[in-house]
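Protein chains: 2
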Amino acid sequence: MIGRLNHVAIAVPDLDAAAALYRDSLGADVTPAQILPAHGVRLVFVNLPNTKIELMEPLDESSPIASFLAKNPSGGIHHVCYEVDDILAARDHLTATGARVLGSGEPKTGAHGLPVLFLHPKDFNGTLIELEEAAS
Amino acid sequence: MIGRLNHVAIAVPDLDAAAALYRDSLGADVTPAQILPAHGVRLVFVNLPNTKIELMEPLDESSPIASFLAKNPSGGIHHVCYEVDDILAARDHLTATGARVLGSGEPKTGAHGLPVLFLHPKDFNGTLIELEEAAS
Numbered sequence: 001m002i003g004r005l006n007h008v009a010i011a012v013p014d015l016d017a018a019a020a021l022y023r024d025s026l027g028a029d030v031t032p033a034q035i036l037p038a039h040g041v042r043l044v045f046v047n048l049p050n051t052k053i054e055l056m057e058p059l060d061e062s063s064p065i066a067s068f069l070a071k072n073p074s075g076g077i078h079h080v081c082y083e084v085d086d087i088l089a090a091r092d093h094l095t096a097t098g099a100r101v102l103g104s105g106e107p108k109t110g111a112h113g114l115p116v117l118f119l120h121p122k123d124f125n126g127t128l129i130e131l132e133e134a135a136s
Numbered sequence: 001m002i003g004r005l006n007h008v009a010i011a012v013p014d015l016d017a018a019a020a021l022y023r024d025s026l027g028a029d030v031t032p033a034q035i036l037p038a039h040g041v042r043l044v045f046v047n048l049p050n051t052k053i054e055l056m057e058p059l060d061e062s063s064p065i066a067s068f069l070a071k072n073p074s075g076g077i078h079h080v081c082y083e084v085d086d087i088l089a090a091r092d093h094l095t096a097t098g099a100r101v102l103g104s105g106e107p108k109t110g111a112h113g114l115p116v117l118f119l120h121p122k123d124f125n126g127t128l129i130e131l132e133e134a135a136s
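Residue numbers (full-length UniProt numbering), protein chains in the order written: chain A, 1 to 136; chain B, 1 to 136.
So that you can see chain A by itself, here it is in the shape it has in the complex (with noise of 0.2 Å):
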């Protein structure tokens, strides 16, 4: 069911800073920073070969990921994301395996347009799983 991993979402206290050792000290091709006011932060893109890290940095305290830099000061992997053919589908086979989708349970637009849902970390050897439908 799951496909590819589309990114790893990383929280970090200073995006600037962050995109600098991703380019500098790493030597990745990072993108120009952008906000998306929806999801509550300002984000730059590593775009690796395979895949791509997002790092992202809290727009305020009311973004989602501020009580986890609040736990995680210096910041820390905050999830991944894989792709499914079909989210609903996929919603549907793992909550009648038991795992429980957060929030209502229907799926958002997420950072790239498409929809999306996040399972919750308890029902995944606490790792924040986010489930993107792939672009058809």
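Please note that the accuracy of each hint is not assured.
All copies of an identical chain are treated as equivalent in the list; a pair is satisfied when it fits inside any one copy or across any two copies.
[Said to hold, decoys possible] Lysine to aspartate or glutamate pairs mimicking DMTMM-like chemistry, simulated, CA-CA at most 20 Å apart: (1) K122 to D60; (2) K52 to D92; (3) K122 to D24; (4) K122 to E54; (5) K52 to D24.
Treat the hints as calculated values from the structure; they're not laboratory data.
Once you've looked at the hints, dock chain B against the given chain A.
Leaving out everything else, chain B in the frame of chain A:
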């Protein structure tokens, strides 16, 4: 400098349960378990179309991931691994920019039989980064 994302490693308290979860709930291709005594872990690979996830459980209390699981009893994302063409050149570039390499600074042989190094998570926003010299 960094190339492909070789893998994301997730520490789990019960490998067989985690493997079943990725196989049955997430519908992924999961390999049989392997024991890597030199790394103190028993692991499976979750093969995705573009990269892989490693699920690892500690062999015993002296395992490098035992302390991580003591802090995160249900598990969690432990590290990400990027491929580099020349691990010594990568190390020298990174240390010149102020990043710290864990251990002696000399590459060891990783889970895939290739030279690896780990970078200090405090220098990379709380993210433990493994570098692996790509197979030529």
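To see whether the hints hold, each was checked on the structure:
1. Taking the shortest Cα distances, K122 and D60 never come within 20 Å of each other, neither inside one copy (26 Å) nor across copies (23 Å).
2. For the identical chains of this complex, K52 and D92 are neighbours neither inside a copy (27 Å) nor across copies (24 Å), given an alpha-carbon limit of 20 Å.
3. Only between protomers do K122 and D24 lie at most 20 Å apart by alpha-carbon distance; the minimum there is 17 Å, versus 36 Å within a single protomer.
4. In this assembly of identical chains, the alpha carbons of K122 and E54 lie at most 20 Å apart only when taken from different copies (18 Å versus 23 Å within one copy).
5. Taking the shortest alpha-carbon separations for K52 and D24, only the intra-copy value of 17 Å comes in at or below 20 Å, while the best inter-copy value is 26 Å.
The earlier numbered hints that this structure contradicts are 1 and 2.
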